[in-house]
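Chemist: The primary structure of each chain is shown beneath.
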Amino acid sequence: MSTLDARQLNELANSFLAFAQAVGDYRYENTLTPAENRELSDLQWTLLNYSDDLFTTSAVLVMNDVADSLATIDEITKDINKTYRKLRNIQKAINVAGAAVTLGAALFSKNPQAVGKAIGGLVKTWKEKEDEEEEEA
Amino acid sequence: MQKATSTKTSTMRSILSGPLFLLCLCCLLPGCVNLKKVNDYSAGSLKSLKKFEEIGYTFNRACLDRCELEQLRSLRLRAGDCNCSLDQQADSIALLIYNSVKGYFEGMTRISDGKVTDYKPDALTKALKEGSFGDLKIGKEEVDSYAAISTILLRATTDIYRKKKISKYIEEANGPVQVLLSAMDFNLAANLNGKLNVRKQRLENIYVSLVNDSLASLYDKTRAIEDYNSATRGIELRQKQLTTFSKGLKTIAAGHQQLYDSRNKITVGELKELLTQYASDLQNIVDEFNKLKNQS
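Top to bottom, those sequences are chains A and B.
Quick note: the first sequence uses the numbering used here, first residue 5, plus one each step.
Quick note: the second sequence uses the numbering used here, first residue 317, plus one each step.
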């Protein structure tokens with residue numbers, strides 16, 4: 005059993021299913037004694053149990069075929085999300101740069117009130133940027 | 317002198333803001349993917365993929381149904397031991413694959429969306445007011461042209477970056493995406509569907525016994541046939557859902573393969589046409605699935 009892969013187990017499951025169907029057809033199409041009927045019904049049921057279990061085992065064995073692909077795609081997805089965050093951060097950088105330019109203009113104007121307000125604006129924008137980055141991480 | 321500078325600025329502005337400039341930048345790319353079409357394809361794939369959550373039939377459900385039928389067949393009032401651990405494991409694997417592929421397409425949809433580089437230069441334009449700053453004099457025209465040019469340049473640069481990245485992701489992910497989509501299809505269309513075929517036969521096994529029972533009345537037999545037909549119709553509807561979902565997975569896989577194959581070869585126009593077809597096929601599959609869901 006250990007040498008069979010998921011696809012082979014699925015084929016085997018289908019073979020048992022076809023066999024069970026043949027038994028069921030025979031039972032349906034022929035006149036049987038109650039004892040014969042019971043015996044064939046039990047045989048069909050057992051074959052169906054085999055088929056059912058093989059379909060499940062095949063589905064579980066698929067993991068052997070996908071383990072590497074799962075790891076690779078998860079890595080790629082992480083990278084995609086990192087790129088996405090980088091692209092979104094550009095907007096935050098624009099906002100920070102805008103706040104810095106306002107501060108520069110305030111300094112040129114030599115207006116202490118405007119300088120204080122601009123520093124406050126820059127700190128606020130910077131904090132917002134950091135908070136958003138923390139949330140995204 | 318001032319006139320010459322102004323003419324230079326205006327020419328520069330018209331060159332930088334022209335679509336020709338962006339087109340030239342785009343076509344310098346080695347893998348010139350069309351972002352809008354990649355976005356349509358990824359979003360369509362995601363929509364079709366998410367139908368997995370609406371299938372409403374699992375390996376575990378199949379196991380519980382089997383136990384119920386066992387109980388019915390043996391005419392036991394109390395349910396026997398029903399061990400579904402292996403089926404639960406099969407469901408976990410299906411879910412694991414689904415979440416991985418979904419995560420990839422969600423990322424691709426977000427990164428190829430035009431909105432991601434739709435930057436608002438408001439913070440800078442508000443900050444850059446016209447006026448005198450020491451020796452520096454900034455006029456309204458300079459402020460406006462600075463904002464326009466910086467936005468266009470920023471967008472063009474980040475779009476080139478995005479295209480390069482997306483080409484790289486398509487190249488690296490194609491192998492794993494094909495394996496995962498095929499495994500998911502195999503588990504649902506071949507294994508879960510197989511279990512539904514088993515269930516159909518189990519029902520037949522039980523109902524044949526009922527119909528052939530010489531002690532049962534004609535009314536009982538008629539009711540049994542009606543019940544059997546109704547149960548079989550339910551199974552067939554589930555099977556149709558699985559088949560439709562499987563068609564969706566195959567279309568997603570074919571679309572990704574097409575993206576991979578043509579990432580460096582065909583023209584933007586051809587790729588656009590091909591991806592439009594995949595996006596439209598996926599929408600049809602989603603509609604078909606919804607129709608089946610409404611029947612159940």
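Simulated from the structure, these hints should not be mistaken for laboratory data.
Beta carbons: idealized from backbone N, C-alpha and C, even for Gly.
Please note that a few of the clues may not be correct.
To list a few chain A residues with every Cβ distance to chain B over 12 Å, as calculated [to be verified]:
id : residue
1  : R42
2  : L52
3  : S62
4  : I98
5  : G124
Which residues of chain B face chain A? A few of them, derived with a C-beta cut under 8 Å, are [stated by the list, open to error]:
id : residue
6  : L470
7  : V524
8  : S546
Chemist: If a hint holds in the structure, say so; if it doesn't, say that too.
Modeler: Now for the hints, and whether the structure bears them out:
no.	hint	in the structure
1	R42	violated (8 Å)
2	L52	violated (5 Å)
3	S62	violated (5 Å)
4	I98	violated (6 Å)
5	G124	holds (14 Å)
6	L470	holds (7 Å)
7	V524	holds (6 Å)
8	S546	violated (19 Å)
Hint compliance for this structure: hints 1, 2, 3, 4, 8 are broken, all remaining hints hold.
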